[in-house]
Amino acid sequence: MSAVLRILGWKAEGLRCPDHEIRCGSENGNTNNVTLVQMPNGTGKTTTLELLRAALSGSAGDERWDRSRISEYRKRDSNRNDGLFEVSLLLSNRRVTIRMEFDFETNSVLYKTSHSRSSDSQSSQSAGQRVGFHPPSDFRRFMNENFVSFYVFDGELAQRLLDREYMDAESVVTSLFQIDVFHELSRKVARYWEEETKQVNATEERGLNRRLNRLKSLKKRKIQLIAERDGLLKAKDILIDHLQNKEEAYKNEILKEKALSDEITLAEEKVQGVQSSLRNEAQETLDAMLDPHAISSVFAQSMMNMKTNLDRVKLPESVAKEFFEELAEESYCVCGRSIDDDIRTVIKVRAKQYLDTDDIAFLNSMKSAIQDAVGSSLDGSAKALNERLETLGELVQNERTALNDLETLQLEAERSDPSVKTARDEIDALTKHLEDINDKLEKYESKDKELPDDKVNGIEEISRRIEDAETKVAEITQTIKLKSKRDSLCEILNNAHQKARDWITSEICVEANERISELLPYNNILIDKIDKCLVLKEQEGGSAGETLSVAWGFLATLFHRSDHKLPFVVDSPAGAIDLAVRPKIGDLIPKLTGQFIAFTISSERAQFVSQLKKACTDEVRFVTVFRKGPASFENQAKEIDGSSETSDGFVVPGEAFFNSFQLDIEEESA
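Count along the sequence shown from 1, then add 47; that gives the number in this note's numbering.
Keep in mind that a hint or two might mislead.
As the list claims (entries may be wrong) - The list that follows gives simulated cross-link-like pairs (lysine-lysine, BS3-like), each with its CA atoms no further than 30 Å apart:
id, residue 1, residue 2
1, LYS519, LYS532
2, LYS490, LYS281
3, LYS631, LYS576
4, LYS612, LYS58
5, LYS494, LYS519
6, LYS269, LYS283
7, LYS638, LYS576
8, LYS269, LYS530
9, LYS496, LYS528
10, LYS579, LYS546
11, LYS494, LYS266
12, LYS267, LYS490
13, LYS414, LYS298
14, LYS269, LYS532
15, LYS546, LYS612
16, LYS612, LYS576
17, LYS267, LYS546
18, LYS293, LYS479
19, LYS281, LYS528
Unchecked claim - Quick list of the computed label-pair ranges, beta carbon to beta carbon:
id, residue 1, residue 2, range
20, GLN225, LYS281, 24 to 32 Å
21, GLU231, LYS532, 27 to 35 Å
22, GLU585, ALA174, 50 to 58 Å
23, MET336, GLN225, 49 to 57 Å
24, ASP495, ILE270, 29 to 37 Å
Since the hints were made in silico from the structure, they are not lab data. Treat the numbers as computed from the prediction; the structure is a model and nothing was measured. Glycine included, each C-beta is placed from N, C-alpha and C at the ideal position.
Let the sequences and hints guide you as you build the complete structure.
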């Protein structure tokens, strides 16, 4: 069943942003397709987005929100020791309110979740308020920190979509399209077999417990080893990215001294040329060493002796045929034994086995191959191989010389500019760290079968032991056939998971690239694949505008393809994008989601708001929030119906005020 999540509104009191309450729809629960909230820099736009993310994900209850971070949300120059942020939601057919109560004496946050009574008879969630973060169970996969950041996002998130250190785009695809249902089914099948193995009589119970305990400890160790390996692999990926950045910085530092930079470039090209020649010569030498007669003339002599012997023993086919035919007609064999009809039949049959046409052809082919390989000179191939080895040695020496020349120039650059030396030291440190990680990763490939279970590190080996332990459990519980069926079914489900993931991510890439090409027809920036992050084709990143456009293309496709309906809450949807592209973004937004909430500043209205309003079939809700201070706007706000004044700000509805609002000087940040 598809899920529908809508934000009805939110309110903030006693926090760093001005006290305010925003409604995104009517009292009956109908939300506007588009809500534009204009907040000047310094009004608390970033703060409000952070609070929305925390309310929708429950993340303020995590250790990442420590006392220091919580204290930063306290209203400036205020004596209040408490604060409140509350968001009202419509989750399918049920209203849910999530409250974050801030206590600035203890610097802690208390979540409270309220549920209205549902008309859905199948709902297991009771009405009323509960302490803690408790969204309905069928919405929890959409309400965690990683997933929420994909539908409450800003320019920073757009940049992080391309950085595997911060984002996990693949897990969002998995959750949104429920690909993990295959793994869940696989786990249920495994649990069913485990339950069946517990049904044994008392005499077997002791042996079963021993086997089950071993199986349990093996599985626990495998989980531990995989977690350790995956952690190292993630660290390795991050380290490789950092190393590439440092190497680029090193090259840029060297470029500052053009003459020396040119010499280093030539030296690098020379190293690459020598190494290329060395690789080719080494491969050709290895190929030559596959021929035994090239290793030594002794082998060549032995092969020719073999050919000579084959020449001696071979009978011409016609002579051989006549010999056996005539022998079969004789009364006595050449050895003097009598030949009867049965023996005649045997002679005729076996004659074909011993000297069949195929056998003779094979022998002739073998002799020709020996002659072609060895040639007329027994030591010719060996001499040629020795010459290759001498050439290979010269190339190794040339490589060493070229590397020494390059290192000398690099050291000269480092001596002349301390920043180059610093960059080189950083590269060396990262390279050493990378080598250490690679050394640690080797143990997870170990196939040592002699180590005890608690010392084994090879993931393949521990998987083999788990398979063996499961077989022994199956033997004692008489569930061998059931285990075989479990293995087959789990393999089918795991293959289905992989195929579904590959197909869905591939389709999303294709459609996202079509949208990106529409937004940026001349930029040639496309998504290659979806891994932990988005991987671009033939480049690592782009400008701020390009990155934001890639994010729009990906997210628009991602949520448009899904059956689930989620809101989009965006900070500065067109801020970094060129004016020529803004109308395309405005035209795209109404097609991508049933609820779009954008936080903007006045400079972002141009070429965006008018096109967005034109493309939207529903009424656009315009809201302006600003701090008390500018008297002219305060006076205008007080005259507008529906506006509200709080202790430190105004909330003003309406398109006219929204379009006319313009502060001459905006503060830098909230």
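Okay, the hints, checked on the actual structure:
no.	hint	verdict
1	LYS519 with LYS532	16 Å, holds
2	LYS490 with LYS281	17 Å, holds
3	LYS631 with LYS576	24 Å, holds
4	LYS612 with LYS58	23 Å, holds
5	LYS494 with LYS519	21 Å, holds
6	LYS269 with LYS283	21 Å, holds
7	LYS638 with LYS576	24 Å, holds
8	LYS269 with LYS530	20 Å, holds
9	LYS496 with LYS528	27 Å, holds
10	LYS579 with LYS546	17 Å, holds
11	LYS494 with LYS266	17 Å, holds
12	LYS267 with LYS490	18 Å, holds
13	LYS414 with LYS298	60 Å, violated
14	LYS269 with LYS532	23 Å, holds
15	LYS546 with LYS612	25 Å, holds
16	LYS612 with LYS576	24 Å, holds
17	LYS267 with LYS546	28 Å, holds
18	LYS293 with LYS479	14 Å, holds
19	LYS281 with LYS528	39 Å, violated
20	GLN225 with LYS281: 24 to 32 Å	25 Å, holds
21	GLU231 with LYS532: 27 to 35 Å	18 Å, violated
22	GLU585 with ALA174: 50 to 58 Å	55 Å, holds
23	MET336 with GLN225: 49 to 57 Å	56 Å, holds
24	ASP495 with ILE270: 29 to 37 Å	20 Å, violated
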